[in-house]
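> Each chain, letter by letter, is given below.
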Amino acid sequence: MAVDEISVGGLGARVKRVEDDRLIRGKGNFTDDFKLPGMLHMEILRSPHAHARIVSVDTTKAWAIPGVHLVLTGELMAQRNLAWMPTLSYDTQAVLAMDKVRFQGQEVAAVVADDPYIAKDACEAIEVTYEPLPAIVNPMQAVAADAPLIRDDKDGQTDNVCYRWEVGDKAMTDRAFERAARVVKLDCFYPRSHPSPIECCGTIADFNPATAKLTLYMTTQAPHIIRTAVALVAELPEHMIRVIAPDIGGGFGNKVPVYPGYVVATLASILVGRPVKWIEDKTGNLISTGFARDMYFRGELAIDHRGKIEGLRIAVDTDNGAFFSDAQPTKFKVGLLHSAFACYDIPYGHLTSQGHYTNKAPGGVAYRCSFRVTEAMFFQERLIAAAAQDIGIDPAEFRRINFVRDFPWRTTYGMLLDSGDYDKCLTLALKKLGYEELRREQAEARKQGRYIGIGISTMTEPLGAGNSREFDIIGIKMFDSAELRVHPSGKAVLKIGSKTQGQGHETTFAQIVTHELGIPSTDILVHHGDTDNTPFGMGTYASRSTPTAGAATSMASRKVRAKARKLAAHLLEVSEDDLEWELGRFYVRDAPQRGATIQDCALAAYTNMPDGLEPGLENHAYYDPPNMTWPFAAYLAAVEIDPETGVWEVLRFVAVDDCGVRINPMIVEGQIMGGLAEAYAMSNMQFITFDSTGNCIGANYMDFLLPTAWETPKWELHEVVTPCPHHPIGAKGVGECATVGGPAAFVNAVMDALAPLGVRNIDMPVFSGRVWEAITQQHDVAGYPPLPGH
Amino acid sequence: MEIKQIKVTVNGEPRVVEVEPRLLCVHMLREVLGLTGTHLGCDTTSCGACTVLLDGLPVKSCTLFGIQTDGHELTTVEGLGWPSELHPVQEGFREEHGLQCGFCTPGMMLTAAALLEDTPNPTDDDIRWAISGNLCRCTGYQNIINSVQWAARKMEAVHGR
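In the order they appear, the protein sequences are chains V and Y.
For the first sequence, position 165 matches number 553 in this note's numbering, and the numbering has no gaps at all.
For the second sequence, position 71 matches number 81 in this note's numbering, and the numbering has no gaps at all.
Just chain Y, with the same shape it has in the complex (with noise of 0.2 Å):
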């Protein structure tokens, strides 16, 4: 199959990449770029294990395909923190026992951090609204809305905003 070139931002450094147009936006960046923090669940769009953010806004990988992402910016969990510091959010999940197995872990992350930009004090009610994409199977869901929080408040004491 024919292969295309595409230049893709991604965890802010330019690539170029070279994908057949089947390929999967969660294949391109876990076989081709060797990001394996996004995780593939369902296939369906349901599950949201694969969720990355494209231009900010969370979106699910498995129904993406790689050139859909042509000239556009993507944001994985390896580039949610910085080498140094971890994003508020993965302290919260850490601080709140937000995770048990860690595989929904990383997309549930990203639709969180991404509220958090739009909606810096959300209720709880907006978390579980916002986060409605991403099915976890171990927790319950409580612990992931109090480590949300935690990185609300975390963000709040920085920036004070």
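Chain V extracted, bound-state conformation (with noise of 0.2 Å):
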């Protein structure tokens, strides 16, 4: 008989997660968690100004405090080709600043020492002479008349411009706006923040001189490309580097990119020949590695008299800090902007975009999406919302008018679509909330004053890159991996290219391979983010993972389930033909009494193998997934804002995803509520601002808010479920979705409140103070820096 998949730990199972154990009892192994024999510690000293020139560096002081066994500056750097390092975007960042500064908290000069105090104190006497520049805190500055070039270092660059992109049809988009009935625009800031996870970023770099191997134990999201990266960075072998991505505490894209920490400490570890570890601290977390957002959108909807969307115009301008170190498939110079307005039949559209050198930390990342997919979908949210607004039609309305509605589809930007079932899911959150209720509700709450907004967001997303055609990360094409052995009692090793930072990998992808060969979960270790035990992957981020590692993790299950069918033919003596498959085992189709379990057949490949075939039971795949999967969801939020004091609070929240087949339905919802808290914060509370000089305003938790679980609200979580046609188990990715639709859902609430005072938009955060101003003033309310009085 076949297994019971849901009692092994299976396709749809909640099981347990297998990290828990020892994250419970304080036996997690982070970065920072390990101790080596002999291991210093280093410190990075950084700039003050955002920009300066930088006249000298003294050193002296530092190299006499007893306990520093390295003062590293630029200049040194510089001898080892080291004083600047290429991007995953194509250009270059320095690693330790010699000619200016370009951003306040910039790497300058680092110290080694015997603990970090130490490192601290040398760092301290270190004196620096800056002289200060004017100082370019967004893209309109950057691109004045009179704008100081930050990029003074970069031949041929004339000005602040870092790239230039353009994707759709603009001749036929120009038509459709002149045809046009309506023509709504939108106009607003989608402000920076910070990915943020608890954990900074850190390395424990460990070159071994007698065996001139280097082991990087790193808190990276893709062992993989760091190995590869440092190998072409450093120039040192690279079957002589070993990265080694413990337990993580949080990633949400802060720890894909390469940081000047990590490449200064691997040079110190070689020059002193020791163990050399890095931890940054919060604020140089938050002030210099991966920020994400920091988008100033223009756009247009042109719209026929019955409500149907006829053509789209998007432009916009991106702050991409000093130097453009975006994480980023290398065709696409904006992330996936451009899967805007994917969930919508639009005929014609067409997008711009500009970047921007700024004097602000470098690095965009995808903080919890897909590639500026958080970006793309608020903004297409909030003009679709803006425009029924306008119009004067039901917003729940005016998206079903515009839903795509037959699959394939190719999207206006030109992605392709290959599954969905927008209204479904639309119509059950509609359900869930109450809709129509609460709209009769708010129109009573109105006539007595009361502010109570109802917000829609929905949405689809491309999760999973690649396909190799079209993806790649510095040529590296995005694929992923996993190898599969089979122990000669049945219990297995999985070992796959992608690294978990919470998402919870053991768990689920131990799933996957019970769901494929009937093997308990809990038979089966899984291991991830050694770069010498795992094969290649790109890592884990842009919710790739079960898209691709996790596809993987079911080829490679699937060919040991073919090596198996062999043995189980010789075993039960009859012809591979005769055999029929179930959950676990192998029969003979004639007598299915007679059968092979998967754990006799890995016993019989070790001892009872039939001539001619090999030993052993394993197999590895690598997967190159044909499209995206393309989940989507229905998010809906009610508040009541008081209007004395512009605070606003949620009074319901409800979620509804399609992800496809869900692994561990447990998980996903736990990833969902994880998503929806950073949407919320993101909404209201979360971003890094700056002033006019380029001071960094969030630097650390007490002026950087993210929410407490005081503030944030109850999640209401439903599911449609609509499998993936071409993953092999109908999987989708799913760990980003309620942070990419959920901003929306919480803006359009407020603004749907505040709909009758005329009022149109508010950047995020939406402050109370700015909900006030807007309420008192009746006016909209901006956002981006300088801040005012600043």
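Hints are supplied without guarantee of correctness; some may be wrong.
Unchecked claim - Cross-link-like lysine to aspartate or glutamate pairs, in silico, EDC-like; alpha carbons within 20 Å at most:
| id | chain 1 | residue 1 | chain 2 | residue 2 |
| --- | --- | --- | --- | --- |
| 1 | V | K415 | Y | E101 |
| 2 | V | K879 | V | E832 |
| 3 | Y | K164 | V | D409 |
| 4 | V | K423 | Y | E41 |
| 5 | Y | K14 | Y | E30 |
| 6 | V | K404 | Y | E95 |
| 7 | V | K423 | Y | E88 |
| 8 | V | K954 | V | D988 |
| 9 | V | K954 | V | D918 |
| 10 | V | K1102 | Y | D136 |
| 11 | V | K415 | Y | E41 |
| 12 | Y | K14 | V | D503 |
| 13 | V | K819 | V | D806 |
| 14 | V | K508 | V | D446 |
| 15 | V | K404 | Y | E105 |
| 16 | V | K415 | Y | E23 |
| 17 | V | K879 | V | D860 |
| 18 | V | K1102 | Y | D134 |
| 19 | V | K508 | Y | E95 |
| 20 | V | K415 | Y | E95 |
| 21 | V | K449 | V | D392 |
| 22 | V | K415 | Y | D128 |
| 23 | V | K508 | Y | E23 |
| 24 | V | K449 | V | D509 |
| 25 | V | K415 | Y | D136 |
| 26 | V | K508 | Y | D53 |
| 27 | V | K508 | Y | E12 |
| 28 | V | K404 | Y | E101 |
| 29 | V | K1102 | V | E1037 |
| 30 | V | K1102 | Y | E12 |
| 31 | V | K573 | V | E1107 |
| 32 | V | K558 | V | D692 |
| 33 | V | K947 | V | D1012 |
| 34 | V | K601 | V | D918 |
| 35 | V | K947 | V | D918 |
Calculated directly from the structure, the hints in this document are not laboratory data.
Reassemble the complex: the two chains are provided individually, in unrelated frames, and hints are given to aid placement.
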């Protein structure tokens, strides 16, 4: 008999997480927990200025402090050709600054000492003389006629523009706008934010002079990319580099890039011949590592008299900071921003984007999203809401008029949708919220001077890069991998190229093997995050692990099953063609009681193989997905604003997600709730801004606000299931959907409440002060830097 | 810098520890005593990843000097359960999926354990308020609330209170 899939922890089982046993006992292994013999500690000296010429760096006093082993400057890095490094967007980034500092927090020098306290003392003893220059903190300043040139290090760079990109059909879009019955416009700013995992970034670089092997313990979401990048940057042989990403305290995109600290620690270990640990502090993390968002949108919709959208224009200015080091696929200079409006049937669209160097931290990352998809969906849903409000149509109805309903579907900007049922998703969400009833309550409340608002956000997003035709990072194609080894006793080890930072890979990836082979999930150990022990993969971000490494796990398991079939045929003395498979077991078609379990086959692979069959039961797969997966969702928020203070409270939040087949529903729900909390954070409090001198406001957790359990709303989750047509088990990415689609639901709810006042936009975060200003002054409130009064 | 000797009871065990006066409690626990279950998140008393119990009350060990614990009792996550048995709060976090990356979890659990000592039958709002000094970026908090409620039920069943 087949094993019961749920009871052995297969697809759909709410298996308790394997990871938890160590983490709840305080026995996790985070990078900072490792203590190697002879290990030294590194601290980085950062620039206090956003833009300044470096006149001199005097390290004499730092060298004199007892316990200091090494003081590194840009000059010393340059002697090894390491003062600059290539970025993931084909630009260059200073490792330690030599000529100028270009953002506040930029790395200027580093000290290696016996302990971090001494290293910090020594950093303070380094004397740097700066000659301050004017700072640029937004794209408008960057392109002003008198703007100082930030990247004067680059030959041929004469302005502060770092890329220009466009997609779509301009001529046809122009015609659609000429014909339009209505044109609706919206400008808005998606503020800079930071993924801000609670654990900061860090590494232990351990170069062994005896073996010439470099081991890097590192908080990285993409250990294999780091290995290759280090090999290229530091000119070390790749087989002599081992990257170990141990337990990671959250990533959310922040731990994808290569940071100067990694490079400096590596060189330091090579120079001193001892392990060097560098763990950044929170301020270092917030002011210098991969930020997110910081985009200025101008958009318009051409709408016919029935409410059908006929054309779409989006123009975006991005603020990329001092170095163009966005972590994103090569071909797409503004990530997957062109996924905007994918769920809507719009015949013609045109999108232009321009990137800008500014005196702010570099490294735009996909903060809990698939390369700028969050920004795309936020602007999409804000513009849709504004349009519905302007033309006086119910926002749910306006969406229904415009949803894509036939698949496959080529979107306005050229992406290929393979499945979806947006109306079903929205309809369920409206029903669960009690939409009609709530609209009546809202109308009643308005008569009493109460401000209740309902916000809708619907979207589909592309998750799970590649395919390799379109997606690569620094030339490496975006596939992923799995390797499965079944031991003689039927227990198995799975090795994957992706790397968990809390997503629960050690649990869910075992469940995929269970689904394919019937081996209980408790009999499968998942290895990941060690480049010496796992197949090459692009890592975990952009919700890509299940779509890619998850698919590879299925394919590797199926190869193992194909070999097990040969072994079963041998054991049962029949032809392979006479065998049928049911979960966990082959049986003879005409005699179902005669069978061989997968465990029988595993034992036979080592003890009783047929002549001519190679021993062992293992295989691997590199999976190159044919398309992205397209999960979709409807998020509804109901809020009430206190008109006296502008404070808004979330009354209800309903989320309906379709992420295809759910491997472990418990984990999926956990990811959705976590994503919603980050969406709420963005809409309400979490952002980084700057004053006019480029001083970062949001440099610690007292200024950079994150919601606590007290503010965070309760979530009501529901699901619809449309299996992904091309994924081996019908799964789609999910980890980031709620962060992507969520923010617009909150903002649309506040704007819906304020609609009678004629207010159309308040930039995020929708602070109570901004709401109060909108109510009292009856105008829109913008929120880009520099902050007023600074 | 001058080294001071302090006496501190850590997870029930009396310890004599040599510390620089400026050594933070979190570093004393992690670096001197090897108890790496206490994590350092923000350095500013904001995130709560470094929460430990000082004489039974939750404190943030990133803004406490080791020397200030002289003569006191500290409980870290390593002392929350027993070698053969988890604390109900630890079980609750596993049963209700109250953790994802696990970095905030030790501090979160210690705060919750202290709450349940005081308030055996908390409301959801009691829990939300109690853990409002502990930030979590992964879970959206809802499952943490459920985890603490699970622990409260278990403790009530075991202790009959």
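> Give a verdict on every hint.
Verification of the hints:
no.	hint	in the structure
1	V/K415 with Y/E101	holds (15 Å)
2	V/K879 with V/E832	violated (63 Å)
3	Y/K164 with V/D409	holds (18 Å)
4	V/K423 with Y/E41	holds (9 Å)
5	Y/K14 with Y/E30	holds (6 Å)
6	V/K404 with Y/E95	holds (18 Å)
7	V/K423 with Y/E88	holds (18 Å)
8	V/K954 with V/D988	holds (12 Å)
9	V/K954 with V/D918	violated (32 Å)
10	V/K1102 with Y/D136	holds (15 Å)
11	V/K415 with Y/E41	holds (15 Å)
12	Y/K14 with V/D503	holds (17 Å)
13	V/K819 with V/D806	violated (26 Å)
14	V/K508 with V/D446	holds (16 Å)
15	V/K404 with Y/E105	holds (7 Å)
16	V/K415 with Y/E23	holds (19 Å)
17	V/K879 with V/D860	violated (35 Å)
18	V/K1102 with Y/D134	holds (11 Å)
19	V/K508 with Y/E95	violated (41 Å)
20	V/K415 with Y/E95	holds (15 Å)
21	V/K449 with V/D392	violated (70 Å)
22	V/K415 with Y/D128	violated (27 Å)
23	V/K508 with Y/E23	violated (32 Å)
24	V/K449 with V/D509	holds (10 Å)
25	V/K415 with Y/D136	violated (29 Å)
26	V/K508 with Y/D53	holds (14 Å)
27	V/K508 with Y/E12	holds (18 Å)
28	V/K404 with Y/E101	holds (11 Å)
29	V/K1102 with V/E1037	holds (11 Å)
30	V/K1102 with Y/E12	violated (51 Å)
31	V/K573 with V/E1107	violated (33 Å)
32	V/K558 with V/D692	holds (19 Å)
33	V/K947 with V/D1012	holds (16 Å)
34	V/K601 with V/D918	holds (15 Å)
35	V/K947 with V/D918	violated (24 Å)
Comparing the model with each numbered hint stated earlier shows that hints 2, 9, 13, 17, 19, 21, 22, 23, 25, 30, 31, 35 do not hold.
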